[in-house]
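Novice: Chain residues, written in single-letter form:
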Amino acid sequence: MAPLAPRTGDAIFANVERVNAELFTLTYGAIVRQLLTDLEEVEEVNKELDQMGYNIGVRLIDEFLAKSNVSRCVDFKETANVIAKVGFKMFLGVTASVTNWDAEGTTCSLVLEDNPLVDFVELPDTCQGLHYCNILSGVIRGALEMVSMKTEVAWVRDMLHGDDAYELQVKLVKQVPEEYPYKEDD
Amino acid sequence: MIGAGKIKQYANVLDKPLSRGRQEVSLSAFAFLFSELVQYNQTRVDNIAELERRLEDAGYAVGARVLELLCHREKGNRRETRLLGILSFVHSTVWKVLFGKVADSLEKGTEHEDEYMISEKELLVNRFISIPKDMGTFNCGAFVAGIVKGVLDGAGFPAVVTAHFVPVEGQHRPRTTILIKFAEEVLQREARLG
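So the protein sequences, as listed, match chains A and B.
Mapping to the working numbering: the first sequence position 101 is 101, numbers consecutive.
Mapping to the working numbering: the second sequence position 181 is 181, numbers consecutive.
Watch out, some of these pointers could steer you wrong.
Beta-carbon label-pair distances, calculated as ranges [unchecked claim]:
(1) Leu65(A) x Asp15(B): 47 to 55 Å
(2) His161(A) x Asn47(B): 38 to 46 Å
(3) Glu113(B) x Lys47(A): 44 to 52 Å
(4) Glu107(B) x Glu78(A): 51 to 59 Å
Treat the hints as calculated values from the structure; they're not laboratory data.
Cβ coordinates follow ideal geometry from the N, Cα and C atoms, glycine included.
Work out the full structure: start from the sequences and follow the hints.
Specialist: Written out as structure tokens, the structure is:
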């Protein structure tokens, strides 16, 4: 059977089942609110959101690979493009753009202009250190770790803090070759 | 701002124009998010009743906001004052906006005057969830029950809302019923209004 061609983000998004973005937005808001009430410290909430995102990411990558038919990415540049164009579109219905490549090609920025997580949201003065969308950084980190890339993801720009877009800096730390879990001779 | 071009920056989130509510995300994104919500709450509680209460609280916040949003956008800021009016608002408008379809049925309870039931063959939130046997009657629909409670409370119809599984013959998965028990004052007011 001939290998299936990779599908565009739009094509996949049109084929998956979709729900109202507002339900998604409000549910995420309820989660952040619960975390803030339970943990009280903004840093703790940031970490917990990242951890939740990580848990989602390790499972999301399976669905992503199954639905999008992308072939193995040759280098990190291709990976970042695939995340921005196909990944974000397929799950969140918005595309990101990739900018700010460094000289070695291991660090880049994903820029999101439209973000369904933050509709209706305004950060109060007491929570100014909160990275509201930190779940996204966890998702990217978790998903990439499952495909043998260890990364660090950090927020550079955040619209809730007054910037004009959302910018995530993704830095490839190292490629971890897959470990074979069984011993050869058994 | 140099190169601002596309996006106008609003100083205050209240000044941003309200979207028309047509934007969508994938079902799996929502399912993943909901599963994380449930898993996070499982680590913070000791028993099932507490877990249901926490999910209900999360849903309550969603419901309160959904009421404001939909009253403004769908109903032109008209307020429901009658019981049947608010029930059909929840059953049709709220369900249609949140879950993409009206609820399967709306019934009045036969045993008690103050009970109403909204039934759904398969709640969207429960689609990818299976309950282990040792959790008994726990239902993640408690989140949806919380949404309904938030809407009703905000509209001035205080009620106790719970979610139950009702086994149906011929169907492998039970259907879910949201049981709404209105407070005494609501029924008295309804009787006065005639």
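Novice: Would you mind marking each hint as holding or not holding in the structure?
Specialist: Tested hints:
At roughly 42 Å, the beta-carbon separation of Leu65(A) and Asp15(B) lies outside the given 47 to 55 Å, and the hint is violated. One distance hint, 38 to 46 Å for the beta-carbon pair His161(A) and Asn47(B), holds here, with the actual separation near 39 Å. One distance hint, 44 to 52 Å for the beta-carbon pair Glu113(B) and Lys47(A), holds here, with the actual separation near 50 Å. Taken as a hint, the range 51 to 59 Å holds for the pair Glu107(B) and Glu78(A), whose Cβ atoms sit roughly 55 Å apart.
Figure legend: structure checked against the earlier numbered hints; the only hint not met is number 1.
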